[in-house]
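Colleague: If you read the protein sequences in the order shown, they are chains L and W.
The letter at position 36 of the first sequence is residue 36 when you use the working numbering, and the numbering goes up by one with no holes.
Converting from the second sequence to the working numbering requires adding 94 to each position, the first position being numbered 1.
Hints are computed from structural coordinates only; laboratory data are not their basis.
Some clues are possibly wrong.
In the SDA-like style, the derived pairs of lysine to any residue whose C-alpha atoms are separated by at most 20 Å in a straight line are [unchecked claim]: (1) 133(W) <-> 175(W); (2) 133(W) <-> 164(W); (3) 133(W) <-> 161(W); (4) 133(W) <-> 46(L); (5) 89(L) <-> 133(W); (6) 133(W) <-> 165(W); (7) 89(L) <-> 207(W); (8) 89(L) <-> 72(L); (9) 133(W) <-> 116(W); (10) 89(L) <-> 184(W); (11) 89(L) <-> 206(W); (12) 133(W) <-> 20(L).
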Amino acid sequence: MTMSGLATEVVLLALAMLGAALFLAFARLVRGPSLPDRVVALDLLSTVAVGFTSAFAVVSGQLVYLDVAIVLALIAFLGTVAFARYTEKGSPPQ
Amino acid sequence: MMALVGAGFLFVGALFMLLAAVGVLRMPDLFTRMQASTKAATLGVGCILLGVTLHFDTLAVTTRALAVIAFVFLTAPVAAHMIARAAYFVGVPLWEGTVIDELRGHYNRETHTLGSPSHLAGQPAAGHREPEPDASDNA
Chain L
1 MTMSGLATEV VLLALAMLGA ALFLAFARLV RGPSLPDRVV ALDLLSTVAV GFTSAFAVVS
61 GQLVYLDVAI VLALIAFLGT VAFARYTEKG SPPQ
Chain W
95 MMALVGAGFL FVGALFMLLA AVGVLRMPDL FTRMQASTKA ATLGVGCILL GVTLHFDTLA
155 VTTRALAVIA FVFLTAPVAA HMIARAAYFV GVPLWEGTVI DELRGHYNRE THTLGSPSHL
215 AGQPAAGHRE PEPDASDNA
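Could you put together the complete structure from these sequences and hints?
Modeller: Right, dumping it as structure tokens:
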């Protein structure tokens, strides 16, 4: 699967932007004062990872990466729901 | 030509995701951060997968991409609602510039169900620590 020069450049630029988004979301994951803040950052991190994997499928021409994106989306949802449930039901009574 | 359109969709999707990440980093409290991340990131994933579909233009890729789009569009609001609900119960503070909190006093802390304030009278207020009526804006 060969791409024209301009299309390749644009896709590589998109990958760079997704990398920057990963970095910013990770900064919120480190900083975020409360547990739900970190859960939101983790959720965004996995969503960006799904997008990054899909874009990388275009760059590499390998369809397998799309399957990776599917699995990542499934796992991310389960993880977020588990964290939310733990936060709501597992917190000590105040 | 089709590859260029697909690359354009990829770029727009990456732009939305970058904006979502900037919003998550810069917004003042959890709930505004969440509205930045959930909506923009979901739209970004949709655009990126649309770009992938246009780029490959085969049935196998289109099916998988549509599956991911449908799944993300269905699950992102559910996940966001669960985090927001949990955060509200735990008492994550609102931004000090918040104008209105329509849920205040409507949640029963024991059963985690909704009710009207009169119905819940005499029970501890759920969610946020009840701020003093006059000095609530400088917390």
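Colleague: It remains to establish, for every hint, whether it holds in the given structure.
Modeller: To see whether the hints hold, each was checked on the structure:
1. Simply put, residue 133(W) and residue 175(W) have alpha-carbon atoms about 12 Å apart, close enough for the 20 Å limit, and the pair holds.
2. Distance check on the hinted pair: residue 133(W) and residue 164(W) sit about 14 Å apart at the alpha-carbon level, within 20 Å; holds.
3. Our distance criterion of 20 Å between C-alpha atoms is met by residue 133(W) and residue 161(W), whose separation comes to about 19 Å.
4. This hinted pair checks out: residue 133(W) and residue 46(L) have alpha carbons roughly 14 Å apart, not beyond 20 Å.
5. Pair hint residue 89(L) plus residue 133(W) does not hold up; C-alpha atoms about 26 Å apart against a cutoff of 20 Å.
6. This hinted pair checks out: residue 133(W) and residue 165(W) have alpha carbons roughly 14 Å apart, not beyond 20 Å.
7. In summary, the hint linking residue 89(L) to residue 207(W) is supported, as the alpha carbons are separated by about 13 Å, within the 20 Å threshold.
8. Between residue 89(L) and residue 72(L), the direct Cα distance comes to roughly 26 Å. Violation of the 20 Å bound is thereby established for this hinted pair.
9. Of the supplied pair hints, the one linking residue 133(W) and residue 116(W) holds, its CA atoms being roughly 13 Å apart against a limit of 20 Å.
10. Proximity of residue 89(L) to residue 184(W) is assessed by CA-CA distance (about 10 Å); at most 20 Å being required, the pair is judged to hold.
11. Under the criterion of a C-alpha separation no larger than 20 Å, the hint pairing residue 89(L) with residue 206(W) is consistent with the structure, at around 10 Å.
12. Between residue 133(W) and residue 20(L) the alpha-carbon distance is near 18 Å, which keeps this suggested pair within the 20 Å criterion.
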